[in-house]
Amino acid sequence: MQTTTIQKRLTVLPTTAISDATGGHTNIDGKIKPLSDDFKISGRALTVRLPDGENGAVLEAISKAQKGDIIVIDAKGNTNRAVAGDFVISLAKGVGVQGFVVNGVIRDIQAIRNLGFPVFSLGTTVAAGFKNGGGVIGVPIAIGGVVVHPGDYIVGDVDGVVVIPKEDVEQIAHAAEEKMRKDELREVEALSNGEASIRAYLDKVVTK
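Counting in the UniProt record's numbering, the final residue of the sequence shown is number 208, and the numbers go up one at a time with none missing.
Calculated directly from the structure, the hints in this document are not laboratory data. Heads up, none of these hints are tricks.
Simulated restraints on C-beta separations:
{"id": "1", "residue 1": "L91", "residue 2": "D29", "range": "26 to 32 Å"}
{"id": "2", "residue 1": "N80", "residue 2": "R113", "range": "18 to 24 Å"}
{"id": "3", "residue 1": "L91", "residue 2": "S36", "range": "15 to 21 Å"}
{"id": "4", "residue 1": "V206", "residue 2": "A128", "range": "52 to 58 Å"}
{"id": "5", "residue 1": "D52", "residue 2": "H149", "range": "18 to 24 Å"}
{"id": "6", "residue 1": "P150", "residue 2": "I198", "range": "44 to 50 Å"}
{"id": "7", "residue 1": "R113", "residue 2": "S192", "range": "37 to 43 Å"}
{"id": "8", "residue 1": "P150", "residue 2": "G77", "range": "16 to 22 Å"}
EDC-like, lysine to aspartate or glutamate: derived pairs with alpha carbons at most 20 Å apart:
{"id": "9", "residue 1": "K182", "residue 2": "D203"}
{"id": "10", "residue 1": "K182", "residue 2": "D20"}
{"id": "11", "residue 1": "K76", "residue 2": "D29"}
Since the model is a prediction, treat every value here as computed from it, not as a measurement. Ideal Cβ placement from N, Cα and C applies to all residues, glycine included.
All chains should be built: construct the whole structure from the sequences, respecting the hints.
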């Protein structure tokens, strides 16, 4: 995977810090969760919009993806038909796609976990999707209450998924890094001397 400097910076930042930096306005609905707690993604979005129950355009997205892309799929929240199973995920992994974020479900969950391929979704199902056509890629989509444009940055971990508009990524990364620095200083101040430092910190921040 070709990793840019900004992507490297985002990779080490937790979604909580990025959420604080964005004001929480681009947090994807928490129902969209990683299939494994250790999954972490950070990269640019390749968007897919699917008709209800359809998944054909996912293959088109995989064929056009650049290494390190994250395929972000608006499947209309359908939880009956999977947008992908382990075979499709294997194709995506094989061409260097970094992960999937799906407003919908996948199937073959154990096989996908065994592949170590990060998928964030509403869950799983046993039923395959249709391939009747009608899906489109590379267009703005709405997923989990957030608009995602092609090329926006996606960061996901065990706490959830955050979208960073591409035009704001440098500013947001810097703000998140500053938040992490301040949090580290706060922890040192509050926790360095056990109960004494904790009480001193609380006395400073709690309004009397």
